[in-house]
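> Hints are included, so try docking the two chains, each in its own frame, into the full complex.
This is what each chain is made of:
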Amino acid sequence: MHGFVQNIGRTALNFLAAFGRITLFSITAVRWIFTPPYYWQQLFRQIIDIGYFSLPVVGLTTLFSGMVLALQSYTGFARFSAEDTVATVVVLSVTRELGPVLAGLMVAGRIGASMAAEIGTMRVTDQIDALDTLSTRPMQYLVAPRLLAGTICLPFLVLVGDVIGVFGGYLVGVYRLGFNPSIYLARTLEYLEVSDVTLGLVKAAVFGFLIALMGCYHGYHSGRGAQGVGRATTNAVVSASILILIANYIVTTMFFGV
Amino acid sequence: MAVTPKIELSGVTKSFDANHVLKGINLTVAPQESLVIIGTSGCGKSVLMKCLNGLITPDQGSIKIDGQEILGQGRAALEDLRRRFGMTFQFGALFDSLPIWENVTFRLRHQQALDKKDARDIAAQTITQLGLAASVIDQYPAELSGGMQKRVALARAIVDKPEILLFDEPTSGLDPITGGVIDRLIIDARERLGATTVTISHDMASVRRIADKVAMVHHGVIIWAGPAEEMNESGVPEVHQFVHGLAEGPLTNEKPAASPAKMATS
Ligand SMILES: Nc1ncnc2c1ncn2[C@@H]1O[C@H](COP(=O)(O)OP(=O)(O)OP(=O)(O)O)[C@@H](O)[C@H]1O
Ligand SMILES: [Mg+2]
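Chains Y and C, in that order, are what the protein sequence lines are. Going by this note's numbering, the first residue of the first sequence is number 1, and it counts up by one from there. Going by this note's numbering, the first residue of the second sequence is number 1001, and it counts up by one from there.
Derived by calculation from the structure, the hints in this document are not laboratory data. Note that CB positions come from ideal geometry on N, CA and C, so glycine has one too. Among the hints, a few may not be true.
Label-pair distances were calculated between CB atoms; the ranges are [as the list claims (entries may be wrong)]:
#1 D1017/C / Q41/Y: 47 to 57 Å
#2 R21/Y / M1204/C: 39 to 49 Å
#3 P1227/C / F44/Y: 45 to 55 Å
#4 Q1111/C / I27/Y: 24 to 34 Å
#5 V238/Y / A1076/C: 29 to 39 Å
#6 Y52/Y / I1177/C: 39 to 49 Å
#7 G76/Y / D1017/C: 50 to 60 Å
#8 A1076/C / F15/Y: 44 to 54 Å
#9 I27/Y / A1077/C: 20 to 30 Å
#10 V238/Y / N1026/C: 44 to 54 Å
#11 R31/Y / R1083/C: 16 to 26 Å
To be clear about the criterion: a stretch of chain Y counts as covered by chain C if any three or more of its residues have a C-beta under 8 Å from a C-beta of chain C, and this derived list gives those stretches [said to hold, decoys possible]:
#12 91-100
#13 133-147
Over 12 Å on every C-beta distance to chain C, these chain Y residues come out as not near it, computed from the model [claimed, not checked]:
#14 T11
#15 L16
#16 A17
#17 I33
#18 Y52
#19 V57
#20 S81
#21 T88
#22 L105
#23 M106
#24 G109
#25 S182
#26 N235
#27 A247
#28 M254
Isolated chain C, as found in the complex (with noise of 0.2 Å):
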């Protein structure tokens, strides 16, 4: 037992004014682990993974990664931090004022002074490896279909090799073979080149393929989290419920009990 946790979460809280969202969230990532969280629409899955890179920053608990506290330090330390992640946003997130060949490869261009054809040659490579023409690199995001722009994103995190990925629903909005292939990505990942990978899906044959591990958020806590294997004997019958996709059941019956704030956003 002597491995330190690539991700160590523990007493983890977050609110937004009254909307307590996160509620003391528990949970480790060991390392070229391949965690995945899953939960309800709304349940602050979003918000959890933004608190890994420090994009927000939680009311209260402490994250740990390879050991060293990352709440508390300043910004130079915070900086230092986000070099070592990739991450996407659940909408992309693409820069629409910058040709996707410019969006790939950003970080390159402004860590490392890359010159223009080296970093569309990168570009171009990267994203044939993810399905997509090479011609797409002088296109513009808006100019992409919404798959599509997923995939520019996710090439955007992966480029420069970091040791931690986070994918926030990578797969949602794909078909099924473009969806494949992203899986397959997220397992050369942490495969090939030995990152730690966290990904957030709600589609299940997904979970399947690309988790070691997974966990369920449900009203600000972690109540399940295992080897993928054990997902189907959790015995816990939330766990039970989105697993199999199933209408009836306690993550149904209670919906009343859902914060007042989700409404005003959507």
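So that you can see chain Y by itself, here it is in the shape it has in the complex (with noise of 0.2 Å):
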């Protein structure tokens, strides 16, 4: 029973240290992001590598999930004769929540992972070390421009995933479950709010902050060796993860009822 309380003790102990640890990081590059030198080659490379090449694998997801949604809330809402509020449905689950979610954990287990294994790669080769001999802030030149990067570039994936998975219920719904293709659409926008596109896309920032966080901070802490870079690599992709379903009930419960 000791042993058991001192565990807890220990664990909450360790997690309020670790979140002290990344609040201070974090805040130290943000601080950065509005510093001058500006690296604007930096930001730019993030901004193709995130925002452009994530492109298919957002898409992708969005279009099926859009697909199966338009199916299972047919099958739901058939059973009390409500079938026509499929497509209102699928917009609604779309913007405000599968979007921003799917596109998060998706891009969560690309970027998160990459960053930490470059960044941690780069510690783990003396390279960061090298950057602070060359003048260079490495929390300037490195973890600024990825975490700004972040947050631009996943509304914009949200954006573009929404139409993508709102489409992808379209086609599901016109030519599997014959709805009209024009009341279809016109049941998608009657009831859309600019603010279930909103919610959606300040959740995206949130979660594009928080991936590069994770995947900067735990590469920029790697243990030594190869061990080390592919321990950190494991926590980014685990830790953004976590904090963004985290992340997502916070947002979602600020703007209830909004």
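Put into structure tokens, the structure is as follows:
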């Protein structure tokens, strides 16, 4: 019993310590985003990497999610003869929830891992120390552009994902469930409000920041050797995914009823 | 005795958890002197070198550059200080994602907005001095051999002619001729540019060529430091064994005393 309590205490302390370190890390990095010199080339490279090269993954994920969502909600709503709400259900679910969360999780796997691996490798091969010796702040050169790029790119990806997801629902609705195309489209737009889309985009920006933060933080503090980098990569993806789900709930609560 | 030492360390200690690497280093380097640090593998030479420009913060002690204490200063002071240093790392530490010319001129480009053509010219000129073909500047570090990478790293350290140069094993893994070129370069940096140099080396032939002063690290302290000519008559058994590369002697007999942390990292 005693050991059990001790374990809980230690875990709680470790958690708080890590939380403090990560907060400090992100405050430092965010401050460097707004301080010259600005590393445009680094920022541009990250934007291409996160924004452009994630498009296929995000597109495929939201396409099939929109499709399956149309089928499933049809099954459900048909039971109380409310089939014609399918279009509304699809568009609201995709923009408010599925778009940001699925895109976030997919990008966490792709980008969180590659950031942690790249920065971790730089750490273990002394490249981060080398930056310091060459009068360049690693936090400003490596971390700041990634955080900024993550925060900018995810909303863009989610916006594209929303459109594709809704289109997936439309395909199934029209070609599989036999809805009239123009009625389906009208229904899609009828109950959609700007705030639904905004909520999704705000979520996306938060997720993008968290993904980049976890990738950079774990890479920056990578242990030594290939093993250290491997562990940093895993930690980055797992912690980013968990934080996305937690942040999703928090942001939704904040917007609830608005 | 009015000359302030360029670098002065006293009582510098550094531990990584239970691994006490440096246990009280005292050392001075005069302006424009060439110091070579020797010592067995894992004794803490690289850690000591990283303390000099603040990459590693010692637990205790004092480090003065031109008489100015560098420990406990703020980030800005440390950044100013680092501009006066050039450093090469034991394993190159070139930036994988940048071509050679951007590696070599990294500091120049970020500090003084050099245009691309000038930067490429400077890079080409610097690496040809080190016996590399100028065409190498458009390649990436991963495309070069280990020895070529080492020379590029050296070019990156010397390109903007810093006052103090730190070289961590600059000639290890190089053929003797290239090693000779590097030695020449280190001597030149001192004689022509007036730099103070600190070099870590295991290569005794090279040590004899470049060193004014030699210091040997053992068990976390400097067990001997003196003019290079006196290295052979130091009277310290460990130095004698190291300098002559003897298999038998105090360094070999005490192996089990080595700290356990070393195993985990190799
Ligand atoms: N960042 C670090 N974290 C933990 N331990 C470290 C770190 N850097 C060095 N060490 C430990 O410090 C000790 C000295 O390492 P160092 O790299 O200075 O040796 P060295 O004298 O340069 O050896 P070599 O001649 O093989 O390069 C080793 O036991 C090493 O494990
Ligand atoms: Mg070393």
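> Now look at each hint and say whether the structure bears it out.
Now for the hints, and whether the structure bears them out:
| no. | hint | in the structure |
| --- | --- | --- |
| 1 | D1017/C / Q41/Y: 47 to 57 Å | violated (39 Å) |
| 2 | R21/Y / M1204/C: 39 to 49 Å | holds (45 Å) |
| 3 | P1227/C / F44/Y: 45 to 55 Å | holds (54 Å) |
| 4 | Q1111/C / I27/Y: 24 to 34 Å | holds (26 Å) |
| 5 | V238/Y / A1076/C: 29 to 39 Å | holds (37 Å) |
| 6 | Y52/Y / I1177/C: 39 to 49 Å | holds (47 Å) |
| 7 | G76/Y / D1017/C: 50 to 60 Å | holds (57 Å) |
| 8 | A1076/C / F15/Y: 44 to 54 Å | violated (33 Å) |
| 9 | I27/Y / A1077/C: 20 to 30 Å | holds (22 Å) |
| 10 | V238/Y / N1026/C: 44 to 54 Å | holds (47 Å) |
| 11 | R31/Y / R1083/C: 16 to 26 Å | holds (22 Å) |
| 12 | 91-100 | violated (count 0) |
| 13 | 133-147 | holds (count 5) |
| 14 | T11 | holds (21 Å) |
| 15 | L16 | holds (22 Å) |
| 16 | A17 | holds (16 Å) |
| 17 | I33 | holds (17 Å) |
| 18 | Y52 | holds (17 Å) |
| 19 | V57 | holds (22 Å) |
| 20 | S81 | holds (59 Å) |
| 21 | T88 | holds (47 Å) |
| 22 | L105 | holds (27 Å) |
| 23 | M106 | holds (24 Å) |
| 24 | G109 | holds (22 Å) |
| 25 | S182 | holds (51 Å) |
| 26 | N235 | holds (19 Å) |
| 27 | A247 | holds (30 Å) |
| 28 | M254 | holds (36 Å) |
When each numbered hint is compared with the structure, violations occur for hints 1, 8 and 12.
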